[in-house]
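2 protein chains.
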Amino acid sequence: MTVSRRTMLAVSVGLGAATMATPLAASKAAVGRTERWGVFELKFDGPRDGNPFDDVTLSASFSCDGKVIRVPGFYDGDGVYRIRFSPPEMGRWQWTSRSSASAMDGQQGSFNCVAPSAGNHGPVRVAGGYHFAYADGTPFRQIGTTSYSWALQSEALCARTLATLKAAPFNKMRMLVFPNVESVAVNPFVRTGDGPKDWDPTRLDPAYFRRFEDRICKLGALGIEADVILFHPYDEKRGYNDMGRADDERYVRYIVARFGAYRNVWWSMANEYDDVKTKTMADWDHLLQLVQAEDPHDRLRSIHQITVYYDNRKPWITHSSIQNGAAVLDDVRAQLHRSFGLKPVVFDEVCYEGNSTLRWGNLTGEQMVERFWWGLMGGTYVGHSETFDPDRNADHSWLGQGGALTGSSPPRLAFLRKVMEDGPVPGIEPIQTWWNYSIAGKEFEYYLHYFGADRPTRWPVVLPGRKGQPMNAYRLDIIDTWNMTVTPVDGLFQMQRHSDYDFHDPARPTIDLPGRPWLAVRLVKV
Amino acid sequence: MTVSRRTMLAVSVGLGAATMATPLAASKAAVGRTERWGVFELKFDGPRDGNPFDDVTLSASFSCDGKVIRVPGFYDGDGVYRIRFSPPEMGRWQWTSRSSASAMDGQQGSFNCVAPSAGNHGPVRVAGGYHFAYADGTPFRQIGTTSYSWALQSEALCARTLATLKAAPFNKMRMLVFPNVESVAVNPFVRTGDGPKDWDPTRLDPAYFRRFEDRICKLGALGIEADVILFHPYDEKRGYNDMGRADDERYVRYIVARFGAYRNVWWSMANEYDDVKTKTMADWDHLLQLVQAEDPHDRLRSIHQITVYYDNRKPWITHSSIQNGAAVLDDVRAQLHRSFGLKPVVFDEVCYEGNSTLRWGNLTGEQMVERFWWGLMGGTYVGHSETFDPDRNADHSWLGQGGALTGSSPPRLAFLRKVMEDGPVPGIEPIQTWWNYSIAGKEFEYYLHYFGADRPTRWPVVLPGRKGQPMNAYRLDIIDTWNMTVTPVDGLFQMQRHSDYDFHDPARPTIDLPGRPWLAVRLVKV
Numbered sequence: 001m002t003v004s005r006r007t008m009l010a011v012s013v014g015l016g017a018a019t020m021a022t023p024l025a026a027s028k029a030a031v032g033r034t035e036r037w038g039v040f041e042l043k044f045d046g047p048r049d050g051n052p053f054d055d056v057t058l059s060a061s062f063s064c065d066g067k068v069i070r071v072p073g074f075y076d077g078d079g080v081y082r083i084r085f086s087p088p089e090m091g092r093w094q095w096t097s098r099s100s101a102s103a104m105d106g107q108q109g110s111f112n113c114v115a116p117s118a119g120n121h122g123p124v125r126v127a128g129g130y131h132f133a134y135a136d137g138t139p140f141r142q143i144g145t146t147s148y149s150w151a152l153q154s155e156a157l158c159a160r161t162l163a164t165l166k167a168a169p170f171n172k173m174r175m176l177v178f179p180n181v182e183s184v185a186v187n188p189f190v191r192t193g194d195g196p197k198d199w200d201p202t203r204l205d206p207a208y209f210r211r212f213e214d215r216i217c218k219l220g221a222l223g224i225e226a227d228v229i230l231f232h233p234y235d236e237k238r239g240y241n242d243m244g245r246a247d248d249e250r251y252v253r254y255i256v257a258r259f260g261a262y263r264n265v266w267w268s269m270a271n272e273y274d275d276v277k278t279k280t281m282a283d284w285d286h287l288l289q290l291v292q293a294e295d296p297h298d299r300l301r302s303i304h305q306i307t308v309y310y311d312n313r314k315p316w317i318t319h320s321s322i323q324n325g326a327a328v329l330d331d332v333r334a335q336l337h338r339s340f341g342l343k344p345v346v347f348d349e350v351c352y353e354g355n356s357t358l359r360w361g362n363l364t365g366e367q368m369v370e371r372f373w374w375g376l377m378g379g380t381y382v383g384h385s386e387t388f389d390p391d392r393n394a395d396h397s398w399l400g401q402g403g404a405l406t407g408s409s410p411p412r413l414a415f416l417r418k419v420m421e422d423g424p425v426p427g428i429e430p431i432q433t434w435w436n437y438s439i440a441g442k443e444f445e446y447y448l449h450y451f452g453a454d455r456p457t458r459w460p461v462v463l464p465g466r467k468g469q470p471m472n473a474y475r476l477d478i479i480d481t482w483n484m485t486v487t488p489v490d491g492l493f494q495m496q497r498h499s500d501y502d503f504h505d506p507a508r509p510t511i512d513l514p515g516r517p518w519l520a521v522r523l524v525k526v
Numbered sequence: 001m002t003v004s005r006r007t008m009l010a011v012s013v014g015l016g017a018a019t020m021a022t023p024l025a026a027s028k029a030a031v032g033r034t035e036r037w038g039v040f041e042l043k044f045d046g047p048r049d050g051n052p053f054d055d056v057t058l059s060a061s062f063s064c065d066g067k068v069i070r071v072p073g074f075y076d077g078d079g080v081y082r083i084r085f086s087p088p089e090m091g092r093w094q095w096t097s098r099s100s101a102s103a104m105d106g107q108q109g110s111f112n113c114v115a116p117s118a119g120n121h122g123p124v125r126v127a128g129g130y131h132f133a134y135a136d137g138t139p140f141r142q143i144g145t146t147s148y149s150w151a152l153q154s155e156a157l158c159a160r161t162l163a164t165l166k167a168a169p170f171n172k173m174r175m176l177v178f179p180n181v182e183s184v185a186v187n188p189f190v191r192t193g194d195g196p197k198d199w200d201p202t203r204l205d206p207a208y209f210r211r212f213e214d215r216i217c218k219l220g221a222l223g224i225e226a227d228v229i230l231f232h233p234y235d236e237k238r239g240y241n242d243m244g245r246a247d248d249e250r251y252v253r254y255i256v257a258r259f260g261a262y263r264n265v266w267w268s269m270a271n272e273y274d275d276v277k278t279k280t281m282a283d284w285d286h287l288l289q290l291v292q293a294e295d296p297h298d299r300l301r302s303i304h305q306i307t308v309y310y311d312n313r314k315p316w317i318t319h320s321s322i323q324n325g326a327a328v329l330d331d332v333r334a335q336l337h338r339s340f341g342l343k344p345v346v347f348d349e350v351c352y353e354g355n356s357t358l359r360w361g362n363l364t365g366e367q368m369v370e371r372f373w374w375g376l377m378g379g380t381y382v383g384h385s386e387t388f389d390p391d392r393n394a395d396h397s398w399l400g401q402g403g404a405l406t407g408s409s410p411p412r413l414a415f416l417r418k419v420m421e422d423g424p425v426p427g428i429e430p431i432q433t434w435w436n437y438s439i440a441g442k443e444f445e446y447y448l449h450y451f452g453a454d455r456p457t458r459w460p461v462v463l464p465g466r467k468g469q470p471m472n473a474y475r476l477d478i479i480d481t482w483n484m485t486v487t488p489v490d491g492l493f494q495m496q497r498h499s500d501y502d503f504h505d506p507a508r509p510t511i512d513l514p515g516r517p518w519l520a521v522r523l524v525k526v
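Chains G and A, in that order, give the protein sequences. Mapping to our numbering: the first sequence position 295 is 295, numbers consecutive. Mapping to our numbering: the second sequence position 406 is 406, numbers consecutive.
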C-alpha cells in the first residue's frame with residue numbers, strides 16, 4: 001500500500017512569515033534562531049473562504065548541509081496557516097514554501113539552528129533494540145502513566161494535574177485526542193447542530209487542537225513525553241472514531257502536521273484498536289503508514305489492543321504497546337513480548353491501582369509496583385494509572401480526568417526509576433529467562449534478581465556463566481522495593497565456576513534476606 | 001518476492017505410465033483406482049544422461065469437476081521419473097503431462113478417486129483457528145515426539161523405533177532429512193570423494209530419499225504425522241545445510257515433489273533456523289514461499305527457532321513451531337504465543353525427559369507431563385522427547401536415533417490424549433487468562449483446571465460468567481494426571497451468580513481435593 005504525501009493545507013495571499021519560539025523552545029528567541037530539537041514555526045496569512053482543510057496545499061522544504069526535509073503545514077483558523085519544523089541538526093537551514101495558492105508558493109527564508117538549551121535532550125528514539133534514549137544519547141527510562149482525557153478538562157483541573165505530575169515520577173503520559181469521559185473540550189470538529197453527531201468531519205476546530213497542544217507543551221516543560229492517542233472505541237455517541245477513510249486521513253494529517261514538531265510527542269494510533277468496530281486491520285495499517293509517510297519528524301509509533309495483538313513487527317511500528325494484566329506477573333511472560341515483536345515493549349495497561357468495583361481498577365499499590373518490577377526484569381516497560389474516586393467512578397479518577405493522585409505506588413515508582421537510572425545503559429536486559437534465573441541486567445557487569453511477593457530468608461548467589469566468560473567480583477545490595485531502602489552487604493562476591501552453566505563464590509554461596517515481600521538483590525561489578 | 005513454479009524434472013523417452021498403490025494407500029488397488037487422500041503415482045522412463053535434476057522439467061495437470069491441480073514430478077534415478085498426486089476429492093481425475101522433453105509432453109490418462117478406506121482421515125489441517133483436524137473433520141489432538149535421525153538408522157533400529165511408536169501415544173514425529181547424529185544413511189547427495197564435504201549438491205541420491213519416504217509411509221501406517229525438517233544447524237562438517245540459493249531450491253523442490261503426496265507429511269523448514277549461520281531471514285522467507293508455491297498438496301508449514309522467534313504471522317506459515325523451555329510452565333505464557341501468531345501453536349521443544357548432564361535433557365517424567373498440561377491449558381500443543389542413555393550421550397537416545405523409550409511420561413501422555421479426545425472439538429481453548437482462572441475448555445460446556453505441582457486440598461468451584469450468560473449445571477471429575485485416574489464427584493454443581501464476573505453453586509462452593517501434585521478438575525455440562 002502506498003500513501004500519498006499530499007498535504008491538504010495551503011495559503012492564498014501574502015506571506016506574513018515569522019519565526020516563533022514555541023513553549024518547548026522556552027524563550028522568546030530572536031527571529032532567525034531556533035535551538036536543536038526546538039520548534040521553528042512559519043506563519044502565513046491565507047484564505048478563509050471555501051474549505052481551507054481541503055482546498056489548499058501547503059508545505060515547506062527545509063535544507064541544511066545537503067539534507068532536505070519536507071514539512072507539511074496546517075490551517076489554524078481565522079485565515080492563519082502554520083508550518084512547524086523541529087530541526088534535527090545544528091546549522092543554517094534554508095526553507096522554501098510550496099503551495100497550491102500561487103501567492104504562497106516559492107517563499108523562502110532561513111534560520112540558524114543553535115545548540116539545545118539545558119534540559120533539551122531531543123526526542124526519544126529506540127535504543128539498543130529494546131530500549132529508549134533521547135536523541136542526545138541520554139537513556140529514557142520509561143515510567144508511564146495514563147490520564148485519558150486530562151487535557152480536555154477545565155484550565156483549573158488541568159493545572160492541578162500538571163502540579164501533580166511535577167511531583168510524580170512519570171515521564172510519559174498516555175492521552176486521548178478525542179474525549180472518553182465527561183470533559184470541557186468535546187468538539188474537535190465544527191458543530192452543525194445540537195445532536196451529538198451534528199459535526200462536520202471536513203472542518204476541524206483549530207481551537208480544540210490549540211488547546212490540546214498547549215497541554216503537550218506543558219508536559220514537555222515537565223520532561224514528560226505525550227503519548228497522543230488518535231482513536232479509541234469509547235465514544236460511539238459522538239462517533240469521532242467512526243469516520244470514513246477520507247475523514248480519518250484529513251484528521252491524521254492535521255494531527256501530524258500540527259503536533260509532530262514537538263519533540264515530546266509519541267503517536268499511539270488507537271487505544272483498544274480491536275474494539276473500534278468501524279475499522280479493519282487494513283484501516284489501521286493504512287493509517288499507521290500514513291503517519292509514517294506524513295511525519296517528517298519520525299516520532300515513535302505504536303498501537304494498543306484489548307484482545308487481538310497487533311503484529312508489531314510491521315515496519316511502521318517502532319515499539320509494542322501492550323494491554324495485558326497477566327503478562328507482567330512474571331519476567332518470562334514480559335520478555336516473551338520482546339521475542340515476538342523484536343522491538344521495545346511498553347505494557348501501557350496492566351490494570352490500575354484503585355478502589356473500583358471493576359476488576360481492572362482495584363490493584364493495591366503493592367500489586368501496581370510489582371508489575372513494574374516484573375516488567376523491568378523482562379527487559380520491558382510498564383505503565384501506571386489509578387482509579388480512586390470517592391464514588392468509585394473511574395471516569396472521575398486520575399485515569400479519566402486527572403487531578404490528584406491518591407495511590408501508594410508513585411513514590412515506589414520514583415524509587416524504581418532511580419534504580420533504573422543507576423543501572424546499565426540503555427536498559428535492563430533479561431538474562432537466560434529460559435532457565436528461570438529471574439535475573440536481568442547486563443551480563444558480567446550488573447544483575448538484578450527480583451523476588452516479587454515471596455518472602456525469602458536466603459538466596460543462593462548464583463549467576464549464569466560458562467567456561468571462558470568473565471567471572472568478576474561483585475558488590476551486592478539488598479533492595480526493599482516497597483520500603484525504598486538499599487542495604488549494601490559487606491564485602492565482595494568473587495565468582496568462580498559452580499557448574500557448567502553457573503558461577504558463584506564458594507566462600508559465600510548464599511546471602512541472608514529479611515523475609516519480607518517485594519525484595520530485590522543487585523550485584524554490581526567492582 | 002515471487003517464486004517461480006518451474007520444476008527441474010522431466011522425462012525424455014517413452015511413457016511407461018502406471019498407477020501404483022503406495023504404502024499409505026495400503027492396498028494393491030487395480031490400476032485406475034486411488035482412494036481419496038491416497039497417492040496416485042505416474043512412472044516415466046526417461047533420460048539418464050546429463051543432469052536429470054537440472055536439465056529436464058516434468059509436471060502433470062490433474063483435473064476433476066473443473067478443479068485443476070498442477071503437480072511437479074521428480075527424478076528417481078536409473079532413468080525413472082515419477083509424479084505423485086494425492087487427490088483431494090472423489091471423482092474421475094484426468095491428467096496431462098508437461099515436460100521439456102517433447103516425447104513426454106502431452107501424455108494423458110485418468111483414474112477414479114474412490115472413498116477413503118477405514119483409518120484414512122486425510123491430511124491434517126488447521127481447524128478453529130488454533131487447532132488441528134484431519135480433512136474429514138476428525139480432530140487431531142497433537143501429542144508429538146522428536147527423534148531427529150531415527151529414519152537414518154539401520155533397518156533393525158528403525159524397526160525397533162516403529163515398534164516403540166506402535167505402543168506409544170505419539171501422533172506426530174519430528175525428523176530431520178539431513179543427519180545430525182551418527183547414522184547409517186548419511187549421503188543425500190552423490191559423493192565425489194572421501195572427505196565429508198565431497199558431494200555434489202546438483203545431484204541428489206534417490207536411494208537416500210526412497211529410504212526416507214519408506215519411513216514416512218511406515219509412520220503413516222501407524223497414524224503418525226511426519227514433521228519433516230528440511231534444514232538444521234548441527235552438521236557443519238558435511239555442510240548440507242549451508243548450500244547456496246540454487247542448490248537449496250533444487251533440494252526443496254525435490255523434497256516437496258517426492259514426499260508431498262503422502263498425507264501425513266508436514267513441512268518444518270528448519271530446526272533452530274537462527275543457528276544456521278549461512279542463511280538470512282530473507283533466505284528462510286524465500287524457501288518457505290518456495291514450498292508454498294511448489295506444493296500442490298498444501299501441507300502444513302512451520303519453522304522452528306532457538307532464540308529469535310520467527311514471525312509466524314507471515315502468510316506462508318500455517319502454525320507456530322516453538323522451542324522454549326519456560327513457555328509451558330504456566331498457561332498464560334503458552335497462551336501468549338497464540339496471541340502473537342494468531343495461529344495454532346506447537347511447542348516442539350520444551351526440554352526433554354532424560355538423564356543427560358546437559359540442562360535441556362534432564363526433565364523428570366513429571367516435569368515432561370506437566371509441560372504438556374500447561375500447554376493444553378493455554379490452548380496450545382506440546383512435543384516430547386527423551387535423552388536417556390547409559391552413557392548419558394543424547395545422540396544415542398530416543399532424541400537422536402530412536403529405538404526404545406525408557407521414560408515415565410509416555411503412559412501419562414496417552415492418558416492426556418484420552419482426556420483431550422474426550423474434550424471439546426476441535427480443541428481446548430484458554431478462558432480469560434488475563435484473570436488467572438487457569439481454566440480452559442469450551443465456555444458454558446466444558447472446563448479444565450490444572451493445578452501443576454501444587455498439592456491442593458480444596459478448590460473453590462468458580463467459573464467465569466457474566467449476567468445473561470448460561471449458568472448451567474455441571475458434573476465434576478477429579479483427575480490425577482500422574483496416577484491416571486478419573487474420580488467423579490457425586491452430584492451436580494448448579495451454577496448461580498457469584499459476582500459480576502463469576503458463577504458458582506452456593507450449595508457447594510468448594511470441593512475437597514487429595515493434596516497430591518499433578519491434579520486437574522474437569523467440569524462437563526449435564
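Be a bit skeptical, because a hint or two may be false.
Note: identical chains are not told apart, hence a pair may lie in one copy or across any two.
[Claimed, not checked] 30 Å max Cα-Cα, derived DSSO-like pairs, lysine-lysine:
id, residue 1, residue 2
1, K277, K467
2, K418, K314
3, K237, K467
4, K277, K418
5, K418, K43
6, K237, K525
7, K314, K166
8, K418, K467
9, K166, K525
10, K314, K237
11, K67, K237
12, K197, K343
13, K525, K218
Simulated from the structure, these hints should not be mistaken for laboratory data.
Now for the hints, and whether the structure bears them out:
Only between protomers do K277 and K467 lie at most 30 Å apart by alpha-carbon distance; the minimum there is 23 Å, versus 56 Å within a single protomer. Within a single copy, K418 and K314 get their C-alpha atoms no closer than 33 Å, and across copies no closer than 40 Å, so neither meets the 30 Å cut-off. With identical chains, the CA atoms of K237 and K467 are at most 30 Å apart between copies only, with a shortest distance of 24 Å across copies and 64 Å within one. Proximity of K277 to K418 under the C-alpha cut-off of 30 Å is found in neither arrangement, the shortest distances being 42 Å within a copy and 40 Å between copies.
Taking the closest pair of Cα atoms, K418 and K43 never come within 30 Å of each other, the shortest separation being 42 Å inside a single copy and 74 Å across copies. For a Cα distance limit of 30 Å, the shortest separation of K237 from K525 qualifies neither inside one copy, at 58 Å, nor across copies, at 40 Å. For the homomeric pair K314 and K166, neither the shortest alpha-carbon distance inside one copy (36 Å) nor that between copies (45 Å) is at most 30 Å. In this homomeric assembly, K418 and K467 never come within 30 Å of each other (Cα to Cα): the closest approach is 34 Å inside a single copy and 45 Å across copies.
Proximity of K166 and K525 under a CA criterion of 30 Å is satisfied in neither setting, with 34 Å inside one chain copy and 55 Å between copies. Taking the closest pair of Cα atoms, K314 and K237 never come within 30 Å of each other, the shortest separation being 32 Å inside a single copy and 37 Å across copies. Within a single copy, K67 and K237 get their C-alpha atoms no closer than 46 Å, and across copies no closer than 50 Å, so neither meets the 30 Å cut-off. For the identical chains of this complex, K197 and K343 are neighbours neither inside a copy (39 Å) nor across copies (39 Å), given an alpha-carbon limit of 30 Å.
Taking CA atoms no more than 30 Å apart as the test, K525 paired with K218 passes in neither setting, with 40 Å inside one copy and 58 Å between copies.
The structure fails hints 2, 4, 5, 6, 7, 8, 9, 10, 11, 12 and 13 (numbered hints given earlier, in ascending order).
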